[in-house]
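Q: One letter stands for each residue in the lines below.
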Amino acid sequence: MKPAPFEYHAPTEVAEAVRLLASYGEDARPLAGGQSLVPLLNLRLARPKAIVDLNRIESLAYHRLEGDVLVVGALCRQRDLERDRSVLERCAAVADAVPLIGHLGIRNRGTVVGSLAHADPAAEWPVLAMLFDAILVAVGPGGRREIPAARFFQGAFSTALDPGELLVEARFPLPPPSAGTAFVEVARRHGDFALGAAAAVVDGDDVRLALGGFDSVPLRVAPDPDAAPAAVHPVDDIHAPAAYRRKLAGALAKRALDLARERAR
Amino acid sequence: MNEVEVTLQVNGEQRSARCEPRVTLADFLRGPLGLTGTHLGCEHGVCGACTVLIDGASARSCLTLAVQAAGHEVTTIEGLGTPENPHPLMRAFSEMHGLQCGFCTPGFIVSAYEYLRDNPRPDREAMRRDLSGNICRCTGYVKIFAAVERAAELMSG
Numbered sequence: 063m064k065p066a067p068f069e070y071h072a073p074t075e076v077a078e079a080v081r082l083l084a085s086y087g088e089d090a091r092p093l094a095g096g097q098s099l100v101p102l103l104n105l106r107l108a109r110p111k112a113i114v115d116l117n118r119i120e121s122l123a124y125h126r127l128e129g130d131v132l133v134v135g136a137l138c139r140q141r142d143l144e145r146d147r148s149v150l151e152r153c154a155a156v157a158d159a160v161p162l163i164g165h166l167g168i169r170n171r172g173t174v175v176g177s178l179a180h181a182d183p184a185a186e187w188p189v190l191a192m193l194f195d196a197i198l199v200a201v202g203p204g205g206r207r208e209i210p211a212a213r214f215f216q217g218a219f220s221t222a223l224d225p226g227e228l229l230v231e232a233r234f235p236l237p238p239p240s241a242g243t244a245f246v247e248v249a250r251r252h253g254d255f256a257l258g259a260a261a262a263v264v265d266g267d268d269v270r271l272a273l274g275g276f277d278s279v280p281l282r283v284a285p286d287p288d289a290a291p292a293a294v295h296p297v298d299d300i301h302a303p304a305a306y307r308r309k310l311a312g313a314l315a316k317r318a319l320d321l322a323r324e325r326a327r
Numbered sequence: 066m067n068e069v070e071v072t073l074q075v076n077g078e079q080r081s082a083r084c085e086p087r088v089t090l091a092d093f094l095r096g097p098l099g100l101t102g103t104h105l106g107c108e109h110g111v112c113g114a115c116t117v118l119i120d121g122a123s124a125r126s127c128l129t130l131a132v133q134a135a136g137h138e139v140t141t142i143e144g145l146g147t148p149e150n151p152h153p154l155m156r157a158f159s160e161m162h163g164l165q166c167g168f169c170t171p172g173f174i175v176s177a178y179e180y181l182r183d184n185p186r187p188d189r190e191a192m193r194r195d196l197s198g199n200i201c202r203c204t205g206y207v208k209i210f211a212a213v214e215r216a217a218e219l220m221s222g
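For the protein sequence lines, the chains are B and D, in the order given.
Start counting the first sequence at 63; every next residue gets the next number (the working numbering).
Start counting the second sequence at 66; every next residue gets the next number (the working numbering).
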């Protein structure tokens, strides 16, 4: 239950972090909030040669609304958004989702961008990224590139990031304030990873549905609760059988769409 | 061993010690600094027993490296009160039987400290939500919540 030895670097600039990550290739892991990475280190499921700690890079600690786009830097903690009334009031789905992430002590440290980069199939932010067609901004040795969410998530804990590339920002284009949005999930206990989650937008004819926790990646599916069970490919495990999860996909889809419709003005 | 010097504020005092970068804040507090009030349960962020405050915000000290806390301010259970001068939360946990074996208690008290600081008038539902990151296997939580409510009374009166 103790991490294996690693080399530790705490750069203060993005360029230096990228240089370090690139010099180690696949043998280095960036560390932001550490709420997913450090458990993996403690359990020795991850044994990187080097840790590149981003916490001293002050230029990454920001979030802001740029018009209709929620822009989140790599050191923005979940708690920073949870405490920002302007963000919560602007987007109900975000206000629904953030308190469901882990527990308060986890949200004090854990970051939004770290959750996206970790790409846990049951995590909340990847579902919101698919719902809002987020753009993920990476910086690597070759420069800066923007990756659409639909291409970013490639499998469970697997993303389009190349070794040596660092995810520095996520951009969420929010629907207009008149639209209704919602995020719902079912978990065995508060703060646990969800058995399944659904998020919806209702903006006139623009009706969207995203599902998480059912497949190895978050999905954008047709906004039809009756079609949702057939749109997912869940597995049987100790927590629930696949048949239950299919039904859950339909039930959560209905809940999310109903709530978003109710909130639309 | 590539040890590094880690200097941080702990309970208002500047403390320094050497450790490997892989050492968690929890082990750093308990080992070189001798502050064994912070308990380690699961060591992967589930149980909350190792909760401390980092710059005033609760955090699992098993999920933060000691090197990451360098230059920051850490508050442990020892910083909240002593046997001679207990914090109202400590008095209330004792008075209301908010503990049995006591293993989870330091983490609960640190989390409850943050909760009452931000919510001086506790609400049972909100308290259940905000303290959900701490696990107790003895009490069934009812007496813990009663203790936090009692502490709020002691602190306001």
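One or more hints might be untrue.
List of simulated lysine to aspartate or glutamate pairs, EDC-like, C-alpha gap at most 20 angstroms [what the hints assert, rightly or not]:
(1) Lys64/B <-> Asp120/D
(2) Lys111/B <-> Glu85/D
(3) Lys111/B <-> Glu68/D
(4) Lys64/B <-> Glu85/D
No lab work stands behind these hints: they were computed from the structure.
Q: Given the hinted pair Lys111/B and Glu68/D, is their Cα-Cα distance within 20 angstroms?
A: holds, 16 angstroms
Q: Holds or violated: Lys64/B with Glu85/D, Cα cutoff 20 angstroms?
A: Holds. Lys64/B to Glu85/D sits at ~12 angstroms (cutoff 20 angstroms).
Q: Taken at face value, is the distance from the CA of Asp120/D to the CA of Lys64/B at most 20 angstroms?
A: Since the Cα atoms of Lys64/B and Asp120/D sit roughly 25 angstroms apart, the hinted pair is violated (cutoff 20 angstroms).
Q: Given the hint that Lys111/B pairs with Glu85/D, does the C-alpha gap stay at or below 20 angstroms?
A: Distance ~14 angstroms between Lys111/B and Glu85/D Cα, so the pair holds.
Of the hints listed earlier, the one the structure fails to meet is number 1.
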